[in-house]
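If you're matching them up, the sequences are chains V and F in order. Note that the numbering used here has the first sequence beginning at 1, numbered continuously upward. Note that the numbering used here has the second sequence beginning at 1, numbered continuously upward.
These are calculated hints, taken from the structure and not from any lab test. Be a bit skeptical, because a hint or two may be false.
One side of the interface only, derived from the structure: several residues of chain V facing chain F at Cβ under 10 Å [claimed, not checked]: (1) L527; (2) T555; (3) N558; (4) I567; (5) V568; (6) R600.
Just so you know, even glycine gets a beta-carbon here, dropped at the ideal spot from N, CA and C.
2 protein chains.
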Amino acid sequence: MKNKFQIKEHFWTYYQNLIQEVVIPFQEKVLNDKVPDIEKSHAMENFRIAAGEAEGEFYGMVFQDSDVAKWIEAASYALMLKPNTEVEKKLDNVITLIGKVQQPDGYLNTYFTVKEPNHKWQNLQEAHELYCSGHMIEAAVAHYEATGKITLLSIMKKNADHIYHTFGKDKRRGFPGHPEIELALVRLYRVTGDKRYLELSQYFINERGTSPNFFKEEKGKRDWSVWNSDPEQVLYTLNQAPVREQQDAVGHAVRAVYLYAGMAEVGKETGDESLIKACETLWNSITQKQMYITGGIGSTHIGEAFTKDYDLPNDTAYSETCASIGLIFFAQKMLEATLESKYADVIEKALYNCVLAGMSLDGKKFFYTNPLEVNPEYAKKIVGFEHICAERPGWFSCACCPPNVARLIASLNRYIFTETEEAVYFHLFIGGELDLSESKKLKIQVTTEYPYNNVISYRFQPVEAAVTTTIAIRIPDWSETYQLIVNGEKLNAEQKNGYVFITKKFVENDEIVLQLDMMPKKVYANLNVSENAGCTAIVRGPLVYCFEGTDNGGTLANLRISKDGKIVEKKNNSILMGGVTTLEIDGVRLHAEDALYSFRRPMQETCKLTAIPYYAWANRGENQMRVWMQEE
Amino acid sequence: MKNKFQIKEHFWTYYQNLIQEVVIPFQEKVLNDKVPDIEKSHAMENFRIAAGEAEGEFYGMVFQDSDVAKWIEAASYALMLKPNTEVEKKLDNVITLIGKVQQPDGYLNTYFTVKEPNHKWQNLQEAHELYCSGHMIEAAVAHYEATGKITLLSIMKKNADHIYHTFGKDKRRGFPGHPEIELALVRLYRVTGDKRYLELSQYFINERGTSPNFFKEEKGKRDWSVWNSDPEQVLYTLNQAPVREQQDAVGHAVRAVYLYAGMAEVGKETGDESLIKACETLWNSITQKQMYITGGIGSTHIGEAFTKDYDLPNDTAYSETCASIGLIFFAQKMLEATLESKYADVIEKALYNCVLAGMSLDGKKFFYTNPLEVNPEYAKKIVGFEHICAERPGWFSCACCPPNVARLIASLNRYIFTETEEAVYFHLFIGGELDLSESKKLKIQVTTEYPYNNVISYRFQPVEAAVTTTIAIRIPDWSETYQLIVNGEKLNAEQKNGYVFITKKFVENDEIVLQLDMMPKKVYANLNVSENAGCTAIVRGPLVYCFEGTDNGGTLANLRISKDGKIVEKKNNSILMGGVTTLEIDGVRLHAEDALYSFRRPMQETCKLTAIPYYAWANRGENQMRVWMQEE
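Excised from the complex, chain V in its bound form:
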């Protein structure tokens, strides 16, 4: 199956090519332990051992299977971008292998099959069995959508059936320590139409938090553990209250947003307004009080977790790439459920900043954590900074982020628009062609040099002579003004929920042009964010900018942005991929004594500062970086 929206533009085509040509082949080699000098994966070998095709011990994380699942999912999306018989065959082979690992009752997990065959389903808190199933279900759905094959889908239906027969109100009670299967089951329900999967997802969501002692009691019933986790840390496992009563986003950030995404999906599918309302409350908790300007979430590396409102340290931020991807999942589900632009605003913010920063420009290295200030003197060198890298490392033993980036970018086509009966909503500004020939009898050509240019053109090609419909285009929250030009004439269109609506009888070559306000702007954080006191950050359109030592004389601590200075846009084609707009900003450089403390206020001289997009940082060697800069 092809995507309805085909991306054809400079920016994202580059990244999607990278995923297809670099990331997915590389990850496949990693999973098969064919890449030297990186941490061993062993993920495929675990499957071969579990299938009886190889000898050996299980190796890796308890959730190692999910690396394979995420690779299958990403590779399947990549097939929808461009057919690739070699990849398709590799997928067939992996799926055959997975089929051999599956137990007669449908159970599927190499850790337990190989290492702990008598301990299945005894440790929902730590053991990630439902999590791994969830990822493999997502992989199965994606593989089916991409190829039309039901090979993996059948395996995972059988696995889901097994889980359905195992868990429930009148069966074994429980819910996953790490959410993921909730949203996966809704996807499975959508492609199969089997209501039991939706029901099972509902069960897991509704069960959570009804018994805060659940994991404690579970632990009391077994004499083994994976990490000897504290079962009373109910915030970490999001078990502090029934989900509809949870007010604040807390605990492990990835787990949280995966759960909320599942809640939004179930809410939408079942029309359960109470779930959508709970999601809105949790959404506000994240985006109004706990989110970095980059769309990063999770302020602390301890528990990879949310902390408290307005606690957003820049230099020790966890801000995991996976958490921002999870936030995008959550946002997308809410966007689909409500069609309010604020969700798309956050998708865009997280995507163009935190998530893209997670991958090097050559697609070969990955950040797991995305701080907003880095000093290589401290990174990895002092306590509290163990998780901070000044450059992207290669593959980690806990390889969650790289395949997550791959599956998001390879499926980005699904985040661009929404088709409803009445209208076509454009959420993201990405160039390409939307083919609605079958439904709306319309094709729409989107042309833009976004995110560096403020103009987006929509050109219409009805399949019939003329087609009447409504086009809704998002006006991003960062664009303080905008102009809408329809066939050369300015239009004052109705705006609602963050979208402008143009209802028209569209004929060949009709064109809507949106011009956004992409002037560089200074941003100020809420005064309660004490880390950013006296600071400003620079944004331009959807991009957050940052300052690197290499452009600014090495040290950043002695630089200030001038309060009333200019910001000049520059093109820089040399250092990064073509067309990047850098910013030259009026600033001052401070000079002070060497003393630790002095009565003398530092001297100032004016200077020019250079800022580059945050996503592109750390591609030119180790150096200092910061997003928030003191204003002077």
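Given the structure of chain V, go ahead and fit chain F onto it with the hints provided.
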């Protein structure tokens, strides 16, 4: 024995009375488990059990004995301030008990005697046996100096002899995981004249760092541990290199400064210039790159440790009260060895700020950690802030700091002056009488309302008609100008090593008056201290000021100090003990939107800010506090 310098003035008499009348009696009750509703001490009961006078198990930290030792030391100093037969009798009783605990070979430690009799001296890394002996030796010396009694001194000589016979180059090798005995042995040497104690101290100092694997090998030889500490954390145990090669102050801050104090003592006593030089290097590492403006040290609670140069977070600072007291010990030894004022500057800074902040104004509650910014919403509530208290708690199970404050303040008389053959040096500005009748045939009356008033008067009363000598008075580093007035006439005296020198034939009622520059001043941190970017702190004389919510409308995050505003001194007798000078500072209050991020720079209105001395914070209920404030 009486102190040569008797303190007679408002400020320190208040604190010394508090120590005598509140702290020491309270601590004695705590050690005997007679205070309800606090964590059990059991320290005295451990001695009774070890002496065979009570039944029961050892309870408490492996170094619980040191609480008793520090109390004896503090109570002995208190006897030198004011005789107290009741306290003296209590001391006699405790010492009798300690004598009964001592083993025939001189060994003395209740933990091992009661709990682990077969494990003596097997775990120098963790078990604190040498540390406890060190504190008890200091107690014995203080008790002897205060009372002339050799009861405890004899016990501890026997204990030191046992240690001397156990450890050494050709005996059992080793050195303490927690330094303390090094400096104690020098004190024991000074009162006994027995060179073996000095030699043993030298041995421990020289042995450290010669074998970085020492604790690893030690651990390999036993099958038990106290905390299962990692023996390879050589920084924590200050075992990374021989002490003369150590360049940076690292590891556990209290251990570090106790070690350096011992090194300085040995260096001075043995004339070992290489040790003094190493101490100077480590001193510079602390005071030029790793010390808070309050004299606090230890940037992180993880390992209670130093981190890296210029890493001085305000809100998560560990800055343990004990570490600043240890820094004062180190400084005093260096001051005695060099007579350079920079050491006295730091004694004063740590004493009037971090250390005094460690105790509530009523002497009943104690801070163990002394951050420079506290938000009660975060303190103890989020990860990384577990150690931060918004109010002083009572007694902790690890009760190191309160008795350390008590012994420092009760012995403050020893820090005020140094007598050499040629001169009398005045280091601290404390009112009272210095009686040098026996040596210099001179008494000197010091009158001052320091630290709130800038005038210090020295009035001379020779025992004979006239006495020729040199008076050296410290000019503090914070005083940018000063005036010296001798018998009403201005004097331009020679200044060297931070002291002014006045050599004169002193007759009755001669008076030297020093007027310091005590104008409130703004301080700026080194630009590398990123936490303080854009900030200023206010000091007046030796006092660092801070802002509390209660004086400034609750929240501090929206306040700024005006760049060119005035600072007005006020007297405030109502809230704190009489005579405190508070400061009224021109500032601005910011008003901003509720949004997490905004394009609008916050609006400003001028306002007055109130600052109080840092040491006095958190005496009026839980509220926000900060030392460093953004300048606008």
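State the violated hints by number, sorted upward, taking the hints as numbered earlier in the document.
Hints 4, 5 contradicted; others consistent.
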